[in-house]
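For reference, the chains in residue letters:
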Amino acid sequence: MPVDGDFLREAFRSMLRARILENKLSSLYKAGKIVGGVYLGRGQEAISAALGASLIQGKDCYAPLIRDQAGRTAFGEAMIDCTRTYLGSVEGPMRGRDGNIHRGRPEMGMPAMISHLGAQVSVIAGMLFAKRLKGTLDGSVGATSVGDGATSTGAFHEGLNLAAVEKLPLVIVVANNQFAYSTPNHRQFACGDLVERASGYGVVGYSVDGTDLLACAGVVGEAVKRAREGGGPQMVVAHLLRLAGHGEHDDGSYVPSSARTGHYGRDCIEVAMRQLVEAGYATVDEIFSWQEESAEEVQKAVAQAQQEPSPDPYREDWTALSTKFPASTT
Amino acid sequence: MPVDGDFLREAFRSMLRARILENKLSSLYKAGKIVGGVYLGRGQEAISAALGASLIQGKDCYAPLIRDQAGRTAFGEAMIDCTRTYLGSVEGPMRGRDGNIHRGRPEMGMPAMISHLGAQVSVIAGMLFAKRLKGTLDGSVGATSVGDGATSTGAFHEGLNLAAVEKLPLVIVVANNQFAYSTPNHRQFACGDLVERASGYGVVGYSVDGTDLLACAGVVGEAVKRAREGGGPQMVVAHLLRLAGHGEHDDGSYVPSSARTGHYGRDCIEVAMRQLVEAGYATVDEIFSWQEESAEEVQKAVAQAQQEPSPDPYREDWTALSTKFPASTT
Amino acid sequence: MSVTYIDAIREAQEKVLREDGRVFLYGQDIARFGGAFKATKGLAEEFPGRVFDCPISEDAMIGLAVGAAIEGMRPIIEMQFADFSSIAFNQIVNQAATHFYRTGMPVPIVVRLPSGGTPGSGPFHSQSMEGIYAQYPGLVVVTPATVSDAYHMLIESVKLDDPVLFFEHKFLYRWLKAKSINGDGLPIGQARIARPGKHATVVTYSAMVHEAVRAADRLQADGWEIEVVDLRSVKPLDLDTVLASVARTGRLLALGEAFPWGGVTAEVVAKVTEEGFHLLDAPPQRLNARDTPVPYHPKLWAAHRPTPESICEALRKLLSF
Amino acid sequence: MSVTYIDAIREAQEKVLREDGRVFLYGQDIARFGGAFKATKGLAEEFPGRVFDCPISEDAMIGLAVGAAIEGMRPIIEMQFADFSSIAFNQIVNQAATHFYRTGMPVPIVVRLPSGGTPGSGPFHSQSMEGIYAQYPGLVVVTPATVSDAYHMLIESVKLDDPVLFFEHKFLYRWLKAKSINGDGLPIGQARIARPGKHATVVTYSAMVHEAVRAADRLQADGWEIEVVDLRSVKPLDLDTVLASVARTGRLLALGEAFPWGGVTAEVVAKVTEEGFHLLDAPPQRLNARDTPVPYHPKLWAAHRPTPESICEALRKLLSF
Ligand SMILES: Cc1ncc(C[n+]2csc(CCOP(=O)(O)OP(=O)(O)O)c2C)c(N)n1
Ligand SMILES: Cc1ncc(C[n+]2csc(CCOP(=O)(O)OP(=O)(O)O)c2C)c(N)n1
Ligand SMILES: [Mg+2]
Ligand SMILES: [Mg+2]
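Protein chains in written order, with this note's numbering: chain A, 14 to 343; chain B, 14 to 343; chain C, -9 to 311; chain D, -9 to 311.
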């Protein structure tokens, strides 16, 4: 699908904002300011942003996964939602009850992932199914992403198959970053390209260079368009490399240098920057100013979250139900 | 693969023995002599027997499923194991603890299925994996079958993918009998032919007319041969129709008459009989004598199981562990 | 004219489908076929586009329900057998159960679980999993013992904003009949005195309520008056009613059909001894199924789960202290 | 020189790999990477072809283990976190747990489950599932609290013919150190007096043993001598040792880190009151985590699970009866 310059600018800015934010998260983690873990989408911004930017908040729904900071940003998640969740602010969407990437705002069409891989596929399917029943589907789509590792889960399989049977407008992006934690592709699946899975589900499949924003935007745009038009589930497999450890606790030393120096080892942000500049969609100066803006935005979002209170265990409502049953029965 | 006459005679006799046995089980059920349920493989004998007869007991392993009476017979399960299990004899392999199709003899390479569909795929994979580790794999294969419905389970997906990653000599037969209980194919999957799944797993796929013994024997024989030779997992999709209810409590009235009168509605036993006679592998008289032999064998197996004691709850060892911990700790 | 337990479940679903546009039914073989137990018979025809057959994908079924609930719907999911919910375990305990606590948005789904033993059903079509799910925060676990409760509690379950696991006992489906489905208006979370008495209290739920009443009837001949408390829901668990009963009788037998380690009966005994130790005149007792899988053979099955005989025996022991 | 809890687990695996050709390790990221917690570090190199990375397929991992056990092997499966065993739930409770009862053939598999809370781990990397699995007949459920038990009980688990769920506490991995791994020779199924006392008994297991000992140390200042019983395995559960302790103290606090409904503490209280009612001088008490998912924020987490403070409080209440 031809991609317009505004879309690319938009997607690229999300990539940039995500990258700069995540760099900061990494520093905070290393400085001991974030407890638990930090999981970066470094190297995956192009495909993630292409998806997020192709969706319409308020109309579409989107279940981002581990490495979708760029997609979240493009979809319209406020940066402060991220810093608050990582820093445990009680003001964040998860109020300190859950952390890092386990966040969402289901009411804005963005459910909060659970850790169990593959589990969000059927949830997005359910959201679309409900919209159809309510008569509000009307050209909207639902999207989610998974990694190469998550394709081995039963949940992925059941969810995608169910979406296909129900002919739901689901766009699923498989970000094949060649590793699941430390496990390489050849210990994860035995086909050549995961896109070969698509036809078995009766789903349209696409394979794309995940380090190439232009290509990602075109392919994801096409997939989203077809889904909107009633073409049923679409599966995009993006090939790329995770340019960080699994989490910031991990140096990823198991990634062979041949992968790092190979084609997919290139940085999608650099590639995209060149593409934008060469096509005349943005100037280098403009990009620098975006960078500065983002850095400032990140500083603010971190500072604000840091000065906010953490949850207070003594004022916490320690119930897991919304229904209030008589106290004696709990 | 060319099929030899002895193989076909063997497979056909298993089909016949299974059919006659199952007809008897159905009568016993209707007469109230069998508690629980009775599940028939009627219409599926050709593909089932083709698989069972292609395996070598003592060398290969085999996890039959719901409709594999013919395959079990061909693999070498004693008929009395079936009648004892259905009739609850304490002498049976399950000793009355489990019933009907939930039987096996793991020590002879035939694990006992649990009800949860798809769950046996990874078990067979594990048996093969162990043989490889022990150094006893040596050209042996493992086989299992599932229905169209079971392909929607996460267990099927995880098991097959794992087998492919481990390059195990697994032969999986998908008996697509067009229905899962009452649910038709179009509510179960959205691809044209389930064989399209194979390539996505990096597995060799075959599609075959499951009502045609000759075809089944050829295709399954080929798949088993390739697996034995180190070609990794093989997936055979057989197209056919269940010629009975889901269980004998079910009249299957949801099956449209077009399906019954269509190509796959034909009876594989009649087809096979014609094939054998036409090819000169057997005479009609011979087949009649086999029929009589089988009927007699069935009578005996039923009579014996019926006169055997049922389990005695007061002499039952009510422990679920083989380890005997001190009594006070249970 | 009489109504069976399964009729009640069907009627309740008919009523909520009629009255609440947010309700839909999703499950294996539940549309035209009407379900393995006919709990949805005719509903697909009566409510076109609201009753769906689905693939054999229990994990995805619950995922779909959660997604639909996020979008404001009130799905009822039928598991073909409670035992198969083991496939959906993750989506139930980690996705559905945690959703409100994590996000502040409740997910009103009802999962119907045909459960409990029947003769010949064997290890995988007989399980009683209420004590498994009740361990997880965020779930309401309902266990109706009567025709009227099957009806009214199912309707109420759909109205609750939280995920409800609705354990129906298969043995009661056609065996249990009532003149009508009129109820006594008790809400979920409140137990009922199923049979009044004064010498000992049996706390139980689901099918075992009937076995307990039978046992109580037998002991009546010997002059014993046994009170039977029907918990109705095991989470929330109505400790007030249980304690009030134990206060009257001084003796407690916690009775269930599930496996003997932990579960509902352990929770009942632990709660009562924590809060009502001084009320007890004798050591509280438990009676559960045996610690093996549920056997297939009817003879083994009958000895695996509590029976009026074994309940009487446990009660006599309890009364003899 | 000192050995940590995680070292002990690694050493035990090294030993069984060395001494028993039937053992192999299967899990996510456990080969060259050495596992998320480094419990298998170096083992892939030391034992080529016996330590395998596997796909993210928990259901199939357990299925594979059962199949391999049928063929005579003794697989050790590492779940990356106990919480992810929810995906393998069906294969564990229905395939592995029922196998011996149904077929007469035991399936000796060991499933290692890194479990329990650590600060910042959140709802899905913190769960304590021992009380879930212990409900199922056919499983041995082991919960080591010490370095030596982590070592010896893992070795013993591999020797058992039945499926063993081996719950390792993540909080203890690097925090808990010992001078050596020499043990006291106790077998699985036997509890240990972790700290002798005479005024009250705390029955607990895994990481909570250490919190209980801390609480006991504090109460010592006030003259209270608290006995701490470390169950070591929750199924089988050593009632003899527990009763003997309660006989000495007359008071019971059952302590655990899992969710509060049911589970190990309910089973302990129910068992003790059933069999040792006359030994109790006060109502037995329970202390568990709160009835919500395990929260992410360290402040919430610290208030979610029992602490020396809350244990002291529970004990004071118990002692005041
Ligand atoms: C069901 C399940 N098993 C294990 C894990 C632990 N885990 C978290 S991320 C991860 C690797 C995921 O790999 P992949 O899907 O390729 O995504 P990536 O991290 O490469 O983006 C694993 C094994 C999990 N979250 N869920
Ligand atoms: C996981 C699981 N869910 C539901 C069931 C209940 N069930 C038993 S057989 C069956 C239909 C199976 O259909 P299919 O796989 O096509 O095999 P067929 O019966 O047609 O041979 C169902 C739904 C089950 N056994 N396991
Ligand atoms: Mg990956
Ligand atoms: Mg079928």
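Worth double-checking, as some hints may not be accurate.
[Unchecked claim] Have a look at the derived ranges for each label pair, beta carbon to beta carbon: (1) B:205 - A:14: 24 to 30 Å; (2) B:71 - D:4: 49 to 55 Å; (3) B:71 - C:40: 42 to 48 Å; (4) B:205 - A:152: 43 to 49 Å; (5) B:312 - D:5: 44 to 50 Å; (6) A:327 - C:10: 38 to 44 Å; (7) D:292 - B:331: 55 to 61 Å; (8) C:149 - A:91: 51 to 57 Å.
[As the list claims (entries may be wrong)] Covered by chain B, according to a simulated footprint, are these stretches of chain D (three or more residues, beta-carbon under 8 Å): (9) 93 to 103; (10) 139 to 145; (11) 148 to 160; (12) 187 to 194; (13) 276 to 282; (14) 296 to 307.
If you're looking for bench data, these hints aren't it; they were derived computationally from the structure. Since this is a predicted model, take the numbers as computed values, not measurements. Just so you know, even glycine gets a beta-carbon here, dropped at the ideal spot from N, CA and C.
Legend entry - Range hint 44 to 50 Å (beta carbons of residue 312 of chain B and residue 5 of chain D) holds or violated: Violated, at about 57 Å.
Legend entry - Pairwise beta carbon distance, residue 327 of chain A to residue 10 of chain C, judged against the given window 38 to 44 Å: 39 Å, holds
Legend entry - Consistency of beta-carbon spacing, residue 152 of chain A to residue 205 of chain B, with hint 43 to 49 Å: Hint violated: Cβ distance 27 Å, outside 43 to 49 Å.
Legend entry - Claimed coverage, the segment 276 to 282 of chain D by chain B - three or more beta carbons nearer than 8 Å: violated (count 0)
Legend entry - Whether the CB-CB distance between residue 149 of chain C and residue 91 of chain A falls inside 51 to 57 Å: 34 Å, violated
Legend entry - Claimed coverage, the segment 148 to 160 of chain D by chain B - three or more beta carbons nearer than 8 Å: holds (count 3)
Inset, instruction - Go ahead and decide if the range 24 to 30 Å is satisfied by the Cβ distance of residue 205 of chain B to residue 14 of chain A. - result: 26 Å, holds
Legend entry - Consistency of beta-carbon spacing, residue 331 of chain B to residue 292 of chain D, with hint 55 to 61 Å: 44 Å, violated
Legend entry - chain B covers the segment 93 to 103 of chain D, three or more CB atoms within 8 Å, holds or violated: Since 4 is at least three, the answer is holds.
Inset, instruction - Count the residues of the segment 187 to 194 of chain D whose CB lies closer than 8 Å to any CB of chain B, then report whether that count reaches three. - result: The restraint on the segment 187 to 194 of chain D is violated, since only 0 of its residues have a Cβ under 8 Å from chain B and three are required.
Inset, instruction - Examine the segment 139 to 145 of chain D for residues whose CB is less than 8 Å from any CB of chain B, and state whether their number is three or more. - result: violated (count 0)
Inset, instruction - Can you let me know if the beta-carbon spacing of residue 71 of chain B and residue 40 of chain C is within 42 to 48 Å? - result: 54 Å, violated
The structure fails hints 2, 3, 4, 5, 7, 8, 10, 12, 13 and 14 (numbered hints given earlier, in ascending order).
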